[in-house]
Structures are given as C-alpha cells and as structure tokens.
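Visitor: Sequence:
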Amino acid sequence: MEFISTPKQYTDAVEQAAAAIGQSVTLRGTVHRVRDMSDFAFVVVRVNRGLIQCMMRGEVSGLTKADLKDGMVIEFSGSVHEEPRAEHGFEIVLEAVKVLAKPAEQLPVPLGKKYMGLTLDVDLPLRPVTLRHPIKQAVFRVQGAIADGFSEYMISQGFTHIHTPKIVTAGAEGGASLFKLDYFGRPAYLAQSPQFYKQYTAGIFGRVFEVGSVYRAERHNSSRHLNEYIGLDFEMAYIDSMYEVMEMETGMLRYLMEYLKKHVAPELALLKADIPEVGQIPTVTFDEAKQIMQDKFDHKSKNRYDLNPDEEVMICKWAKEEYGCDFCFVTHFPSAKRPFYAMDDPENPKYALSFDLLFRGLEITTGGQRIHDYHEQIAKLEARKMDVSLFESFTMLHKYGMPPHGGLGIGLERLTMQLLKQQNIREASMFPRDMSRLEP
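Using my numbering, the first residue of the sequence shown is number 9, and each one after it goes up by one.
Don't read these hints as lab results, they were simulated from the structure. Treat the hints loosely; a few may be bogus.
[Unchecked claim] The calculated lysine to aspartate or glutamate pairs, modelled on EDC-like cross-linking and capped at a C-alpha distance of 20 Å, are:
1. K188 with E236
2. K328 with E285
3. K345 with D306
[As the list claims (entries may be wrong)] Restraint-style ranges between C-beta atoms, simulated for each label pair:
4. K407 with T168: 19 to 27 Å
5. P354 with T14: 54 to 62 Å
6. Q31 with G287: 43 to 51 Å
7. S185 with R262: 43 to 51 Å
8. Q31 with L115: 49 to 57 Å
9. R262 with K16: 45 to 53 Å
10. Q165 with P136: 23 to 31 Å
11. G214 with G125: 25 to 33 Å
12. P92 with G125: 25 to 33 Å
Here a beta-carbon is modelled for each residue, glycine too, at the ideal position from N, C-alpha and C.
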C-alpha cells in the first residue's frame, strides 16, 4: 500500500546552487550550450529560471564533453565554487551526469546564443522551441507577473475574481467584429468582452475582476492588434463618477510596478526594462487633446471620433515633456463611437463618460461609467436602432435595480509590449492569433 502526501517545497535551482557554495548539489536541467575549451568544457545548463555554468573535465559518468549536445536533458551533480566571471557568481564542477532525454534532431534555432536574431516569421512557427531561450522566457515571466500583480491588487481592494463565458449569444460591442460558431444548431459567438457579465456581477458582488481571453474578428494586420488577446478587466459599483475607476487603475499600476520589481527583477534586468514611476497621471478631455496636438505639434486631426495611432504618440510625448509621465488619460470621447452601455455626460450628451489610458504612445485601456438606469439604457439602444429584444438578458440588470457603476479593460499583451518597449504585439503573445495564424 502506498500513500500520496504533499510535494516537497519548490526551490529555485539557481538559488539552491548559490546557497550551496563549498558543497555539492544535484539538479536537473537542459544543456543550453557547450563551450569546448580544449582540455575542459563549460557546460551551460538551462534550469527553470536561468542558466547555470558548469565545468567538465575529462569523462564524467562515462560521458565526454563531445557526448553532451544542446537540448539534452540531464541530471547533474557537482561541487559549487565561487566564480565571479560566471553569470551568478558561481559555477558547478561536474562530478556526475545522467542523461534523462535526448533530442531526436539538431535544434532548428541557435538557442545557445545570447540573442537569436530571428525575424517574427521564423520565430512564431517555432515558438515551442524559441520560447526556451532565456530572453523569450523572461518576457512571459514578466507578463505572468503582470497578471498576478493585477490580481493581487484587485483582491486587496475587495474585488471578487470571476470567470465569465466565452461562448455568447450577442456581442458586447456590437458590429461585425464577432467570430460566429455553430452551437448545437444555434448561432453563437466568441466573446468580444466580458462586459455584460462584469456588469451583472458588479450588481451582485459590488467589485469584480477577471483575467481572461477576448476575441475580435477584425481584419487587421498591424503591429498593435491581435484577434485573440488576454484582457485584464474590472468593474466596480456604487461609484460617484468615472474618475473613481481611473483612480483605481492608477493605484493598480503603481502597485503593479513595485510588484514587478520585487517578483521578476532578474527578468527585468535581462530585458533591460524601463519600469515607469506611477505618480499622478495627467488627464485631458478628447477636445483638449485635439487642441494640444494643434498648438504643440501643428497637427490638425481629421478624426472626429477617436485618436489615430500617431495622435496617441503625440499626446504621450506632451505628457512626458510637460509632466514627466509615461501615462495619460483622455476622457469624454464622442458618444457616437463609444459602446451603447456607456453613460453620456449629463452636462453634454454629445460626449460619453468614457476614457482611454495611453502608455508610451499606445492606448492600453478603455473604460468609463456605465448606464445604470433602465429607461436610459433602453432609450440609447433604440436611438442606435438596435433590437432591444436581443438585449433582454442584459437590460434585466437595469430593470431590477442597478447601482451606479463603471470599469475598464486592459490589453495584457499591449501593456507588456509597451512596458518592454517591443515593436510588435506578437512579441508579447506566447502563441499569437492573428488573421494568418492558428498554429502552433
């Protein structure tokens, strides 16, 4: 009879070895590269979070340096010695090596190089392999920490973590950007947003958040768009204005940047990441933003309803020069191009109580205050000539009483891209889905 108990406490391999200088350790990893130095070899082993330099003299466990190949999975033992020239200040002199697995073919990319130098067209089809590279791995450890830090802050502020359906009967945004599917003979769609469900549950729990997939069937092929991405969403009830939502995001971003410094410092250093300071974030209205562009950059915008990509860059440049801030809120967008659930400004219904957050020249957030009054929501649906009957399950939340509420959605990949100053959003998506990619 055998019994299963709890696992041993996880210990980071680099930390374990660093703490064992002058002693012996046994670890497991993958051969990253072998550097033949004539009478000995440096065997660099890739462990869960980093690289460990080992030194191999002569035969070890019947293996020579020529027997060790890139991609070979090994269990290795040896004595740990200080070595200031090594990456972590130590190296392991190998005393035993056991081969656990061998690659069937030579690696298709040079994982052993500091920079692989691959184009996206080469990199993306080979992601199950290229993501093994320390720099690629670091990007997604940072991205994972962004989602973790976001979640930790939301929980600390009394938000409940929810999980919403991704197969829906109607789109939260409307329009044609929906992926249609056959749901047992009935038409259904992949969710454009968790918006309806956030609003439902904000009326139940008061404050809710989600980290989940979002699908947009938009036929774009740009460096800033994906057809599937991860949304960081929250919704909060009992608010006085949309500015409370903006304050919550500002607090979250401030917390998040400190969280990243604490939890992924080695990855940030490897990526040479410039982590911004988040103090007070400047806020301008849509009309003020247009005026700033004209006055400061002699740019007269032709887009009456939104900011073009080059205009987002201008506003961020202005915020950086004037206030030293990498972020800028733009509020009060024209109502005509904001979603039907966005509340219009009572003082001027031409504008919605809606905002974008720009970060280093790119919109990463859209949010605002939502309509909570039943008659106001029905009137806005009718004014847009939308079939009210298709939204009965949504307007149920208004019909039976809903507190003033608002929220936002953040694109995780966009935030990662801007934080790490990447040039293409596909670099910040582990397995990107765009118009041409369904694999791997």
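Visitor: Looking back at the hints listed earlier, which ones does the structure fail to meet?
Guide: 3, 7, 8, 9, 10 and 11
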